[in-house]
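Protein chains: 2
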Amino acid sequence: MSLSMHQASVPVFVRMLNNLSAILKTAEAHAEAKKIEPSVLINDRLAPDMLPLSRQIQIATDGAKGCVARLAGIEVPSYPDTEATFAELQERLAKTIAFLNSVPADKIDGSEDRTITLKVGGKDLNFPGSAFLLNFATPNFYFHVTATYLILRHNGVQLGKMDYLGAA
Amino acid sequence: MSLSMHQASVPVFVRMLNNLSAILKTAEAHAEAKKIEPSVLINDRLAPDMLPLSRQIQIATDGAKGCVARLAGIEVPSYPDTEATFAELQERLAKTIAFLNSVPADKIDGSEDRTITLKVGGKDLNFPGSAFLLNFATPNFYFHVTATYLILRHNGVQLGKMDYLGAA
Numbered sequence: 435m436s437l438s439m440h441q442a443s444v445p446v447f448v449r450m451l452n453n454l455s456a457i458l459k460t461a462e463a464h465a466e467a468k469k470i471e472p473s474v475l476i477n478d479r480l481a482p483d484m485l486p487l488s489r490q491i492q493i494a495t496d497g498a499k500g501c502v503a504r505l506a507g508i509e510v511p512s513y514p515d516t517e518a519t520f521a522e523l524q525e526r527l528a529k530t531i532a533f534l535n536s537v538p539a540d541k542i543d544g545s546e547d548r549t550i551t552l553k554v555g556g557k558d559l560n561f562p563g564s565a566f567l568l569n570f571a572t573p574n575f576y577f578h579v580t581a582t583y584l585i586l587r588h589n590g591v592q593l594g595k596m597d598y599l600g601a602a
Numbered sequence: 435m436s437l438s439m440h441q442a443s444v445p446v447f448v449r450m451l452n453n454l455s456a457i458l459k460t461a462e463a464h465a466e467a468k469k470i471e472p473s474v475l476i477n478d479r480l481a482p483d484m485l486p487l488s489r490q491i492q493i494a495t496d497g498a499k500g501c502v503a504r505l506a507g508i509e510v511p512s513y514p515d516t517e518a519t520f521a522e523l524q525e526r527l528a529k530t531i532a533f534l535n536s537v538p539a540d541k542i543d544g545s546e547d548r549t550i551t552l553k554v555g556g557k558d559l560n561f562p563g564s565a566f567l568l569n570f571a572t573p574n575f576y577f578h579v580t581a582t583y584l585i586l587r588h589n590g591v592q593l594g595k596m597d598y599l600g601a602a
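Protein chains in written order, with our numbering: chain A, 435 to 602; chain B, 435 to 602.
Any given hint could turn out to be false.
Which copy is meant is left open, so a pair is good if it fits within one copy or across any two.
[To be verified] Below, computed lysine-lysine pairings styled on DSSO-like, alpha-carbon distance capped at 30 Å:
#1 459 <-> 553
#2 553 <-> 595
#3 557 <-> 468
#4 469 <-> 541
#5 557 <-> 459
#6 529 <-> 541
#7 469 <-> 557
No lab work stands behind these hints: they were computed from the structure.
Required output: the full structure, derived from the provided sequences and hints.
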């Protein structure tokens, strides 16, 4: 009668990364239909000192794989951050989803009180697993998923809230 | 050794609504310093067919109070959605936080398997409490918090990710 750490992490991230994949397909079709160079969307950002769409997806996937690997106590897979096309961004999403699904639930369950250490701005931050998941990894993940969606909406791509939330 | 439904809802929402309150204070100070009419920020949106900042905050708070009240099986408090100034938006945040903190944890705990019914687009959607929290209420809440932040960033308000995440 409660939520397991696995339940509150892997399926949540996988669900949203699948939604992001569908959102990117809509964006790609929009670019094709409107004769927009895909890189115009992929490199756009909401403020000159914010990161572009490609980095939003790289950081969202980094957040998901980093969270799950740290909770499970396994090495965080490193991806080179070179994606510059829709196809490459889709690959990034797919390999992140495959990694998340490869981590056994029982390695993540019980990580509520495990100490997670994160380097932020050159110093070590220590969290219990539950606070790391709820106060850091989850809000950070949703930030970058939403930023991706909003960059595309700002560019006129026809998306609605249900594309972000996914099928009920 | 797991997360309670209370732990994954009330403190998460309260934390982010407090962060949003601090973000709005920064926005208000920015408007004052730059001689920007506050309503310019409060009514801005990222696309012509998206909702403005004031509605983002109304929906974020609706999402938090609706989620917690439904999980607890109590009436959802209704707020009139008339906020049009920074002071009124701050009041909206404060009364939502006060409501969230007033709901006893033991009314929320154990709601994982409670059936939550939501009217979406005129039809009833049924979720177990855990899926309602993890797949609907939480992503929807973060969407509107992030949208608020991004509308302000898009308007040049000096904010960083730590303002969104809050103190570690």
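**Request:** Give the relationship of residue 459 and residue 553 under a CA distance limit of 30 Å: within one copy only, between copies only, both, or neither.
**Result:** Cα proximity of residue 459 and residue 553: across copies only (29 Å, versus 34 Å in one copy).
ask   = Between the shortest in-copy and the shortest cross-copy C-alpha distance, which are at most 30 Å for residue 469 and residue 541: within, between, both, or neither?
value = neither (47 Å within a copy, 54 Å between copies)
30 Å Cα cut-off: does residue 529 pair with residue 541 within a copy, between copies, both or neither? within (20 Å within a copy, 40 Å between copies)
Tell me, please, which holds for residue 469 and residue 557 at an alpha-carbon limit of 30 Å: within, between, both or neither?
neither (46 Å within a copy, 38 Å between copies)
Intra/inter-copy verdict for residue 557 and residue 459 if alpha-carbon distance must be at most 30 Å
Classified as between: cross-chain Cα gap 28 Å, same-chain 39 Å, threshold 30 Å.
Under a CA distance limit of 30 Å, which applies to residue 553 and residue 595: within one copy, between copies, both, or neither?
between (34 Å within a copy, 15 Å between copies)
**Asked** How would you classify residue 557 and residue 468 at a CA-CA limit of 30 Å: within, between, both, or neither?
**Response** neither (46 Å within a copy, 34 Å between copies)
Checked against the numbered hints listed earlier, the structure breaks hints 3, 4 and 7; every other hint is satisfied.
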